[in-house]
Amino acid sequence: MQSKIVLWVIILLVIVLGAWWYFAQTPKVTAPTSVSTQTEQTAAPVAPQPTTVNGISTTDTSDAAISQDTAAVDAQMSSLNSDNTSVDSGMSTQ
Amino acid sequence: MKFHSVKPLIALLSITVLLSSTSAYAVEAGTSVSAKASVKANLATDKTAKIITRSDDAIAKRIDALNELSAKVQGLKNVSVGEKTAIQTEVQTNIAGLSTLKSKIDAETDLAVLQTDEKSILGSFRIYALVIPQGRILVSADRIGTIADMIATISTKLQTNISTAQNNGKDVTALTTLVADIAAKLADAKTQAAAAQSRVSALTPDGGDKTKADANHKELVAARADLKVGTQDLEAARKDIEKIRTGLKALHIEASATTTVAH
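In order, the protein sequences belong to chains A and B.
Adding 6 to a residue's 1-based position in the first sequence gives its number in my numbering.
Adding 1098 to a residue's 1-based position in the second sequence gives its number in my numbering.
Hints were generated in silico from the structure; no laboratory data involved.
Computed from a predicted model, the values in this text were never measured in an experiment.
Keep in mind that a hint or two might mislead.
Claimed, not checked - Partial pick of chain B residues on the chain A-facing surface, computed with a CB cut under 10 Å:
id : residue
1  : Ile1235
2  : Asp1247
3  : Met1248
4  : Ile1249
5  : Thr1254
6  : Asn1259
7  : Asn1265
8  : Lys1268
9  : Lys1341
To be verified - A short list of chain B residues far from chain A (calculated; beta carbon distances all over 10 Å):
id : residue
10 : Ala1142
11 : Lys1175
12 : Thr1183
13 : Thr1187
14 : Ala1194
15 : Ser1201
16 : Arg1241
17 : Leu1332
18 : Gly1345
Claimed, not checked - Per the computed footprint, the stretches of chain A lying under chain B, defined by three or more beta-carbons under 8 Å from a beta-carbon of chain B, are:
id : segment
19 : 14–28
20 : 78–92
The beta-carbon is built from N, C-alpha and C at its ideal position, and this holds for glycine as well.
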């Protein structure tokens, strides 16, 4: 009886070792998700952003855009006059 | 009673009267001196307090002006990083110096020393006479550069519309002249701004040297004149833009973002 148990244990051990050896030899299959993601990801069309210099568009030549541009210039001119007044008052104060 | 027998009595009485009056005068005089000293001490304390208050106020105003300048200098676009750092260092050095002087003044009890310290707010730091005008001139010069760049961009766009009009057979001679005038005005504005910047960048406090103080003031006044001319250039260029826009409208040019069509 005891010898039968030992025999079954040896058989089980051989099966487990065999299975382990089999799976260790088989090359790992990589998940295909990355491939499918790559193929599915198509570049969305990006609208070209207008180039701006100091808040003024360099491409939009419409009259409306130029009106906005001149308004921005006027705001800066107003600040410049304020700066100049500050220079004057600073020079007259001791 | 004979006079001879009364004589010593009169003498004794006289001496007593004399001594009592002298001692009374001495007490009165002593009281007067101590009262005067007390009044004098009170006046000195009052004067000291007034100087401290006046000095603290003067220092606070200067530090506020320097902090305001520092914030403006942070936003400068057309000056080099080195120049920007130099101005910021100058501003921070003055703020630190004034703060130290304030602490000294607040703790000072000697009237003469206080008077000297109060004078040094004006004489040693030259905040309003040099540092603030110098910084503000650099800020103005920088803004002239920024506005000139903005107007140049608009001018380029207007030139595009003028070229379209020309391609459609319109006479754009007057408009082209205006574009050229804008270019000339912008070039001069930038020259003036650079000159103003160059005049004031290297100025340092006079430290009580009148000749140097006068030379510094002369440069500040000249830089201010440069800024005035530069500002007038920009105003003229701004007017040219309006003239061109009106001219384009007269030629029935309606500009669009992609194409410009002549009607």
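So, going through the hints one by one against the coordinates:
1. Ile1235: holds, 6 Å
2. Asp1247: Holds - the Cβ of aspartate 1247/B comes within 10 Å of chain A, reaching about 6 Å at its closest.
3. Met1248: holds, 5 Å
4. Ile1249: holds, 6 Å
5. Thr1254: holds, 7 Å
6. Asn1259: Hint holds; asparagine 1259/B Cβ to chain A Cβ min 6 Å, cut 10 Å.
7. Asn1265: violated, 14 Å
8. Lys1268: The hint is violated - lysine 1268/B has no Cβ within 10 Å of chain A, the shortest such distance being about 16 Å.
9. Lys1341: violated, 12 Å
10. Ala1142: Answer for alanine 1142/B: holds, closest chain A Cβ roughly 27 Å.
11. Lys1175: At roughly 8 Å from the nearest Cβ of chain A, lysine 1175/B sits no farther out than 10 Å, so the non-interface label is violated.
12. Thr1183: holds, 21 Å
13. Thr1187: For threonine 1187/B, whose nearest Cβ neighbour in chain A is about 19 Å away, the distance exceeds 10 Å, so it holds.
14. Ala1194: holds, 21 Å
15. Ser1201: holds, 24 Å
16. Arg1241: violated, 5 Å
17. Leu1332: Contrary to the label, leucine 1332/B does not stay out of reach of chain A, its closest Cβ about 7 Å off (not over 10 Å).
18. Gly1345: Glycine 1345/B is indeed farther than 10 Å from all Cβ atoms of chain A, at 12 Å.
19. 14–28: Result for this restraint: violated, n = 0.
20. 78–92: holds (count 11)
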